[in-house]
Amino acid sequence: MTATIGHASVIAALLFAVWGIIAPVIGSRPGRERFYASTRAAIMGQFFLVTLASLSLIYGLVTTDFSIKYVAFNTTRATPIYYRVTGLWGALEGSLLLWEWILIIFSGLVAWIYKERHRELMPWVLMIFSIVSAFFLVVLGFVSNPFESVFPVPADGRGLNPLLEDANMMTHPPLLYTGFVGLTVPYAFAMAALIKGKLDEAWIVTTRRWTLTAWFFLTMGNLVGAWWSYHVLGWGGYWAWDPVENAAFMPWLPATAFLHSVQVQERRRMLKVWNLSLIIIAFSLTIFGTFLTRSGILSSIHAFSSGPVGTVFLVFLAIVLLGSFGLLAYRADHLKGQPELDSMVSRESAFLLNNVVLVSALFTIFLGTIFPLISEAVVGVQVSVGAPYFNSVTVPLFLLLVFLMGVGPMIAWRKASWDNLRRNFLWPSVASLLFALLLFGWKVRDFFPLLGFTLLAFVVLTILFDTALAVRARRRIAGEGIFSALATLARKNQRRYGGFIVHLGVVLIIMGIAGSMGYSVEREATLRTGESLSLGRYHILFEGLRGSQQPTHFRVEGDFRVFNKGEDLGILSPALKFFPAQQSPVGRAVHRSNISDDLYLILSGFSELKENQATLKILVRPMVMWMWVGGLVILLGTIVAVWPFRQKGRGWRIED
Amino acid sequence: MRIARETMAWRRIIITLAVLLPLIGILAYGFVRDPRYINSPLIGRPATPFAVTLFDGKKLTLDDLKGKAVFLNFWASWCPPCRAEARDLEAAWQTFKDGDVVFLGIDIQDTDEDARAYLKEFNITYPNGRDLSGKVAVDYGVWGIPETFFIDPQGRITYKHVGSLGSALITTKLDEARRGIVSAKEGKGSYQSVR
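In order, the protein sequences belong to chains A and B.
The numbers in our numbering rise by one with no breaks, and the one at position 449 of the first sequence is 449.
The numbers in our numbering rise by one with no breaks, and the one at position 163 of the second sequence is 163.
Wrong hints could be hidden among the right ones.
What the hints assert, rightly or not - Calculated Cβ distances over 10 Å to all of chain A for the following chain B residues:
| # | residue |
| --- | --- |
| 1 | F50 |
| 2 | R116 |
| 3 | G141 |
| 4 | G163 |
As the list claims (entries may be wrong) - Here are the in silico distance ranges between beta carbons for each label pair:
| # | chain 1 | residue 1 | chain 2 | residue 2 | range |
| --- | --- | --- | --- | --- | --- |
| 5 | A | R495 | B | A9 | 30 to 40 Å |
| 6 | A | R269 | B | A9 | 19 to 29 Å |
| 7 | B | T172 | A | Q550 | 52 to 62 Å |
It is worth saying that the hints were derived from the structure and are not from the lab.
Idealized CB from N, CA, C, for every residue including glycine.
So that you can see chain B by itself, here it is in the shape it has in the complex:
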């Protein structure tokens, strides 16, 4: 009788644990995630059309780039992580420029003078333009820079990367964009600048 009673007590304690431990686990899980993080809803959707004036005075629209995979990078001269990735971007452009790929840099929240000095400093040769009104950045939901969008030849966003990029990732994601493979989630670099 006494033994039976103790078994009952243990059974109840185990049931209690079975209910409480997962609950505590879920709450503890809260510490490993960032509640303010929102995956970009743009991935897999058609890229919003835009028109920018390039630093050499020419005009460029997204429609002009149809049929090619587009590497669209938002940057500013005052942004340290942009400087960190600048050389890798130019090197990638040198590798891919003869293929069906276009690189386009869009400078936001910057002065003309600083932006030109930046392009000169890193010997950037791919086309770059300024988003004077900030409209393009708003359309693409740019929150901090650098942010990079990969667009496939059909004009669909296949991947978004927040923060600075490395050359290996550029190669992989450009290849996916060329083939129209859409990533499930945006990627995150180690650091990002917010003004």
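For reference, chain A alone in the conformation it holds in the complex:
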């Protein structure tokens, strides 16, 4: 019954989506304008039906209705209730339904918020939403149907992949999907503007908050993914440049570029074609990411099921790319007449350089990701592109980006005067050079870490210096205290100060990456009870092994007492979990974080023959914690930037 309701809702929603595509076309004929109005109804119909379908699947999961294949594969009777709900995105079919659900929630919000505005654009915006939605509904209805039944009905289900039974897995996929789907909003507005030939800045101004929100979710999705990898996978790392990780990261690059370059278009009416291209690329990459993940065309450590869904995604990707860029090429005449750069030393050129760097990074990562394919297709040689390639090409690019992060927000528009440069950069530059000397004296002698930390300091200093000047001015003019001056500044110029805070968060993340990339140390040894191992200031004493039967698996834990310079920090117990359905054990690493470094223990093995002998791997990874702190700072910055503060006499500012 549940399955029937779910499947029927998907099919009915598809009909609404098809109507949502046709209606604006009919409406564009003279005298048929009333058809425009029905595009909203088409979105609302989809919203209702897809919500119903999603709730049906959740209901099926919660009530363990094993007659639905998806439920049987992703839950068991023993699965706790919250993991039953998160089973919605535990596998392909459910994830696609979640994606469609988020998409149609976004579409519904757009249709509702802009009920009275953008009368010309809205039918076409909603049509683009309906096209994307129709694609997902076709996939859900006919290619990978989450409501497929199974007969005979099994007595118990197979259960979620044990790696997914983790609190972070409850948040990582929805965050990432929200980021991916969020990019559909600016894409839909951009396409509508192209279709109508209404190519002023309206679409950019309207979608600014949507883009920023999508960017935020994309950032968080990647960060939580890294966190999950670090905490659950138990290999001591958080990023491996695996194709699937790249797929999640790649849309972030053009989205970030877009956030910056739209400011240039808003202010200077430049970069029109460029901005349209960026948003098309960013949206295409969200589809490409899913294609890559689900088609199995590249070898990945993320073992996802493959099937016909890959082909369907490729067809859609082809339609999106050809349709969007074709339309852009066709309309390019209307996009001419932009002013040229006044000076190479200006905010425009800093933002332009930022874009070039981000797109170069995107290109190198894209090339590295699909290179195995190109190589085999063109020269017939198998290759595999690994972390050394990605690290060596992206590190210099990202360092350049850090430098621009310090320059961009402070440099003047049009043409920076000497005065502007001296006022904003002299003291931060001097201070960061002093900082570099300090680091050098403190035995940071390698080129990239030294340069990296110096540039990070430069960004922080420029931001603090600029803010301090502004606060001083406000104190003088309005006589405010420091904190109320900061609050006024942030409220009066949300985008600027929100951006500053986000930049500080990015600085923290890069600091964590740089510290843990450059200065990690590790040791591995086989220990008997009572033996110990030292690494840096840590001393680890092996106190014995314990085995215990857990509800879903058998667990072997090692007890290790940790000493920090002789001070007893208590016991850490990394474990190996043996799931009956899995061939090899799943590790559970444990770690102790503090602001300077993480101590990370992995139980790599134990002897079944000799009792109480275990192999332990220890890693000390400096500054990892700052990555997660950086994430929180970005959250704060995004809130400051998008929060609809009530302004005097203007009401709520949803619009800008």
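Chain B: place on chain A using the hints.
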């Protein structure tokens, strides 16, 4: 003017297509290949020495076979494709046994009793031994069975075949091995067993 503008638009559309179509083509190409397939790095390299105890109790090492082309076949009694090719292998051995060619079968992950029954069932007369520790199979990177290695008289691996073999291919590749011709790639039979 209007015409010129439309030509420009078409030119841009063609450029767009010229960039996008190859990209989509490359991605589509992904479906025809198996990303997990790795060509054996052993082809063209000297074969790793090994020693096995044959079913008749004698010991045999790879060095003993120097100067002859070696047909080295990994099998097990529980493996259906091995059974499928067993008669062809024995027939090939009957054809080539008087020349400068040696056939050697290596049984892996099996019991002594089952293996002997298998040899009897197919009347296999060429030497066969058991790889008790699995070391030989690991050295040769055996992933599934049957896998067959052709080794030239100088002890170099000239060809590897994954999955069951037919008599025509055995003849060709043995001839190449005798003459020291190294194949570029490993070959693949229709099916293979993995335990």
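Hint check:
1. For F50(B), the non-interface assignment is confirmed: its Cβ lies about 27 Å from the closest Cβ of chain A, beyond the 10 Å cut-off.
2. For R116(B), the condition that its CB be more than 10 Å from all CB atoms of chain A holds, with the nearest at approximately 30 Å.
3. With a least CB separation of 15 Å from chain A, G141(B) remains clear of the 10 Å interface cut-off, as annotated.
4. With a cut of 10 Å on Cβ distances, G163(B) stays outside the contact zone with chain A, its closest approach being about 19 Å.
5. Under the hint 30 to 40 Å, the C-beta atoms of R495(A) and A9(B), about 36 Å apart, fit the expected range.
6. Taking 19 to 29 Å as the suggested C-beta distance range, the pair R269(A) and A9(B) conforms, at roughly 22 Å.
7. Remark: the range hint 52 to 62 Å for T172(B) to Q550(A) is upheld by a beta-carbon distance near 57 Å.
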